[in-house]
Amino acid sequence: MISQFFILSSKGDPLIYKDFRGDSGGRDVAELFYRKLTGLPGDESPVVMVTTGGRRHHEGRHFIHIRHSGLYLVVTTSENVSPFGLLELLSRLSTLLGDYCGSLGEGTISRNVALVYELLDEVLDYGYVQTTSTEMLRNFIQTEAVVSKPFSLFDLSSVGLFGAETQQSKVAPSSAASRPVLSSRSDQSQKNEVFLDVVERLSVLLASNGSLLKVDVQGEIRLKSFLPSGSEMRIGLTEEFCVGKSELRGYGPGIRVDEVSFHSSVNLDEFESHRILRLQPPQGELTVMRYQLSDDLPSPLPFRLFPSVQWDRGSGRSTLEPKPRSLNVRLHLPLPRGVISLSQELSSPEQKAELAEGALRWDLPRVQGGSQLSGLFQMDVPRTPGPPSHGLSTSAPPLGLGPASLSFELPRHTCSGLQVRFLRLSFRPCGNANPHKWVRHLSHSDAYVIRI
Amino acid sequence: MPYLGSEDVVKELKKALCNPHIQADRLRYRNVIQRVIRMSKLDQWGQAEVLNFLLRYQPRSEEELFDILNLLDSFLKSGSPGVVMGATKLFLILAKKFPHVQTDVLVRVKGPLLAACSSESRELCFVALCHVRQILHSLPGHFSSHYKKFFCSYSEPHYIKLQKVEVLCELVNDENVQQVLEELRGYCTDVSADFAQAAIFAIGSIARTYTDQCVQILTELLGLRQEHITTVVVQTFRDLVWLCPQCTEAVCQALPGCEENIQDSEGKQALIWLLGVHGERIPNAPYVLEDFVENVKSETFPAVKMELLTASLRLFLSRPAECQDMLGRLLYYCIEEEKDMAVRDRGLFYYRLLLVGIDEVKRILYSPKSDPTLGLLEDPAERPVNSWASDFNTLVPVYGKSRWATISKCQGAERCGPELPQTSSFAASGPLIPEENKERVQEVPDSGALMLVPNLQLTADYFEKTWLSLKVAHQQVLPWQGEFHPDTLQMALQVVNIQTIAMSRAGARPWKAYLSAQDDTGCLFLTELLLKPENSEMQISVKQNETRTETLNSFISVLETVIGTIEEIKS
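Residue numbers (the UniProt record's numbering), protein chains in the order written: chain A, 1 to 452; chain B, 1 to 571.
Note that these hints are calculated values from the structure, not bench results. Bear in mind that the values here come from a model prediction, so they are computed numbers and not experimental data. Be aware that one or more of the hints could be misleading.
[As the list claims (entries may be wrong)] In the DSS-like style, the derived pairs of lysine-lysine whose C-alpha atoms are separated by at most 27 Å in a straight line are:
hint: 1; chain 1: B; residue 1: Lys97; chain 2: B; residue 2: Lys110
hint: 2; chain 1: B; residue 1: Lys110; chain 2: B; residue 2: Lys96
hint: 3; chain 1: B; residue 1: Lys465; chain 2: B; residue 2: Lys532
hint: 4; chain 1: A; residue 1: Lys245; chain 2: B; residue 2: Lys77
hint: 5; chain 1: A; residue 1: Lys214; chain 2: B; residue 2: Lys149
hint: 6; chain 1: B; residue 1: Lys401; chain 2: B; residue 2: Lys96
hint: 7; chain 1: B; residue 1: Lys409; chain 2: A; residue 2: Lys36
hint: 8; chain 1: B; residue 1: Lys77; chain 2: B; residue 2: Lys148
hint: 9; chain 1: B; residue 1: Lys148; chain 2: A; residue 2: Lys245
hint: 10; chain 1: B; residue 1: Lys297; chain 2: B; residue 2: Lys339
hint: 11; chain 1: B; residue 1: Lys409; chain 2: A; residue 2: Lys245
hint: 12; chain 1: B; residue 1: Lys362; chain 2: B; residue 2: Lys409
hint: 13; chain 1: B; residue 1: Lys512; chain 2: B; residue 2: Lys532
hint: 14; chain 1: B; residue 1: Lys96; chain 2: B; residue 2: Lys77
hint: 15; chain 1: B; residue 1: Lys97; chain 2: A; residue 2: Lys214
hint: 16; chain 1: A; residue 1: Lys245; chain 2: B; residue 2: Lys149
hint: 17; chain 1: A; residue 1: Lys36; chain 2: B; residue 2: Lys96
hint: 18; chain 1: B; residue 1: Lys465; chain 2: B; residue 2: Lys512
hint: 19; chain 1: A; residue 1: Lys245; chain 2: A; residue 2: Lys214
hint: 20; chain 1: B; residue 1: Lys110; chain 2: B; residue 2: Lys401
hint: 21; chain 1: A; residue 1: Lys214; chain 2: B; residue 2: Lys96
hint: 22; chain 1: B; residue 1: Lys471; chain 2: B; residue 2: Lys409
hint: 23; chain 1: B; residue 1: Lys97; chain 2: B; residue 2: Lys401
hint: 24; chain 1: B; residue 1: Lys77; chain 2: B; residue 2: Lys97
hint: 25; chain 1: A; residue 1: Lys36; chain 2: A; residue 2: Lys11
hint: 26; chain 1: B; residue 1: Lys401; chain 2: B; residue 2: Lys362
hint: 27; chain 1: B; residue 1: Lys532; chain 2: B; residue 2: Lys471
From just these sequences and the hints, can you work out the full model?
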């Protein structure tokens, strides 16, 4: 099965190296991998690579890797194994390392080398996977995770003066979920939290006349639990949630997804009747449910762009009309070659636009729902041999004025309309402290492309 | 040892599966297999391991096959892609005689595969796309309705976009061709030149079926006058007129004007070829070629010069007045001043040919061409699922079959070195058939009193001499169907200590084999096996050097059993 496993930083420095079978050449295989990766021709995929020729030790060795948080996690094998299985193993390992060390990154790995090796020892034996279940593993792992600074309640901005609750206590800082899950510190009050995220990725393609060519939503319900295992959890979803085209629930068009798949530990007894999922989550991260929806969004698209380009004057005006409130919107518009200067007129001071790498980048940190924002951009384009001027109207976009792509985040909004109604914990073994439950809904763009 | 459950269960299973008695007893073996399948507490790694292990099991009856498929059905709906793909592969292999079951499984796996193709993880996406392409080789219409999922998105890495474009080419059908072509047209003006060229080649391959629309799109692209686009479009046109002669007219109208935008070797070659072959229909062909001839001294690519020679000659034959001067100058340059020998040789050849006479030249250059529409240049038609079922869910689709062949050749050479013993306890070598055939053949020596001596070394000369001197003691005809592997027969005969002196290779007509055996009393049995050209029966002639009917009969029954077993395995 697996011969070796190693982790490289984004620059190729080996952080972790473990040999399982002893049938390979040694540590320099990590360097060999990095050289192959950087030297790969553009059209070959780096996901699975093989060594042919060269030194006898390394011949016929397959490298399979994933990139996660800037790190390369690589396994090597000399047998013809299932790529799906190996990729799944790698992503499970990255989740596991993230759970144990807090988050996955170069710094955390370097600080927790002993823990990582211990984990690897337990998870893989002679190249075969023993178990990746956090429940089984915690009986064997002794080492503690080292964090950069201890998590303390004072980090939360929720503690107001004199302990009074402020409005902000409803929001946990984003670093709250990134502490190690499985530490055995006895500080009970820190333990009782569970984070449930409904995250959707939106892919949209709009044609130049505004018609919708493609829309695709990939959603996941992710759970990160710091609760001691054994607590049963019930997650209630919107009752009108239908799966597939023919199901009908409730009275309205309902909330529909095309396909749904669940984690193996989820109990679906009440799903049919009341759309309730029951599970006993282990500590750590878990993807409870995955769903897809295409071609039929119940809510209107979050952004509409109205570009108008006038070629002879070399100027373009873009108008954005977003619907819900969004954060971190960035518009990326590739421009024809040779554009050197840009003058702009934007409708609000906190936006900024700049010319970078042959493209226009317009950043809008915060956009209110229902608003209309416009920007007027004037560019100087050197005279390129354009298409012959027989009858082509001047409003045709020049070559190189590429499709505009938007990247954004929509907090508290799901494109499919799916919402988590409630999250209840039925069994609390740890006594009095009420566990904190954080639920959030988030949509962000995967590839939102508008053709000009 | 992968974690398959509690300690005692695992111990029991290990014992059972490695126990030859259990392996020999079909019913007990089957029970163990059923228990393995039913183990409920397996995690996803255990499940994948079980599915992999079951690949080597061959169910004895159709009933058992469907039984197993029903039990494993839930694995197809698992949340783990490794398990789903492993189950799919197992189903495809077990059901190799039931194509409708295979198609059904592939329909069920469409959902998970499409989900994987849109996954956040780029690597999973890539591997899933490779498998989708594999499936499309056998079932081209399988993903046609989901073509939108394969549209490329702006942020994807290059290798994924290339795979998606290939998939789009292969799933085109009447309903989605319009939209797919629209989409590919958009990619042709992409910022990245490589990707634009890949998209244009894709349109070229769709053009084999939907010629008119594609030629129109390609002609429009020529109007953009971009160098990297024009060169690829002209190359595509060259390939297209060869396969679809009906579009020649449209192509010829589009060509004038391209020559200004082509600078690379491939593009020039394609353009020159087109001008040479179809020059009569292109009004300014001689003038374009003349331009090239004027600049031949500064031309750096010998391939272009070769093409130029051929094209000039062809055009000369159809438009002599305009091309004579140019051809002369070109030949003069190539013979007198050219340094590349291949070009010079070709120039000399054409010159000498012209010296023979114009009619001769016409006869040679206008001889009938092969008809490409007969499918010589086309890709092979849909391959049956069974040809790639065993490669599903392995690294083979990821690399592609040709690259995998080179890799395994290199690996084969290396593996002669030290190899670690297989420590997986389920790794019994060879198929896990309950070794029936071996059993049956082993039973035979027990039944009669015939003991055949092993390692009989009989030379061919001795055999021939003895054969010719004896008379046929027994002749028999056995019904026989179809082809088989002589190696299998030879091995099976070896097991019962019958030596093969000579055997025709598979497929020879008539097929013959000569066998010899000796029993412990020294009695020789010489046998000839003859397979008639009609292929429906095998004739056995046995000669014995001592007349003993009993032993002869025993020998014949041994032989019959072996041949019968081979028949059965084959079927």
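Hints and how they fare:
no. : hint                   : verdict
1   : Lys97(B) to Lys110(B)  : holds, 21 Å
2   : Lys110(B) to Lys96(B)  : holds, 19 Å
3   : Lys465(B) to Lys532(B) : holds, 25 Å
4   : Lys245(A) to Lys77(B)  : holds, 19 Å
5   : Lys214(A) to Lys149(B) : holds, 8 Å
6   : Lys401(B) to Lys96(B)  : holds, 21 Å
7   : Lys409(B) to Lys36(A)  : holds, 21 Å
8   : Lys77(B) to Lys148(B)  : holds, 24 Å
9   : Lys148(B) to Lys245(A) : holds, 18 Å
10  : Lys297(B) to Lys339(B) : holds, 11 Å
11  : Lys409(B) to Lys245(A) : violated, 49 Å
12  : Lys362(B) to Lys409(B) : violated, 48 Å
13  : Lys512(B) to Lys532(B) : holds, 9 Å
14  : Lys96(B) to Lys77(B)   : holds, 21 Å
15  : Lys97(B) to Lys214(A)  : violated, 39 Å
16  : Lys245(A) to Lys149(B) : holds, 18 Å
17  : Lys36(A) to Lys96(B)   : violated, 39 Å
18  : Lys465(B) to Lys512(B) : holds, 18 Å
19  : Lys245(A) to Lys214(A) : holds, 18 Å
20  : Lys110(B) to Lys401(B) : holds, 22 Å
21  : Lys214(A) to Lys96(B)  : violated, 37 Å
22  : Lys471(B) to Lys409(B) : violated, 50 Å
23  : Lys97(B) to Lys401(B)  : holds, 24 Å
24  : Lys77(B) to Lys97(B)   : holds, 23 Å
25  : Lys36(A) to Lys11(A)   : holds, 13 Å
26  : Lys401(B) to Lys362(B) : violated, 43 Å
27  : Lys532(B) to Lys471(B) : holds, 21 Å
In the structure shown, a violation is registered for the earlier hints numbered 11, 12, 15, 17, 21, 22 and 26, in ascending order.
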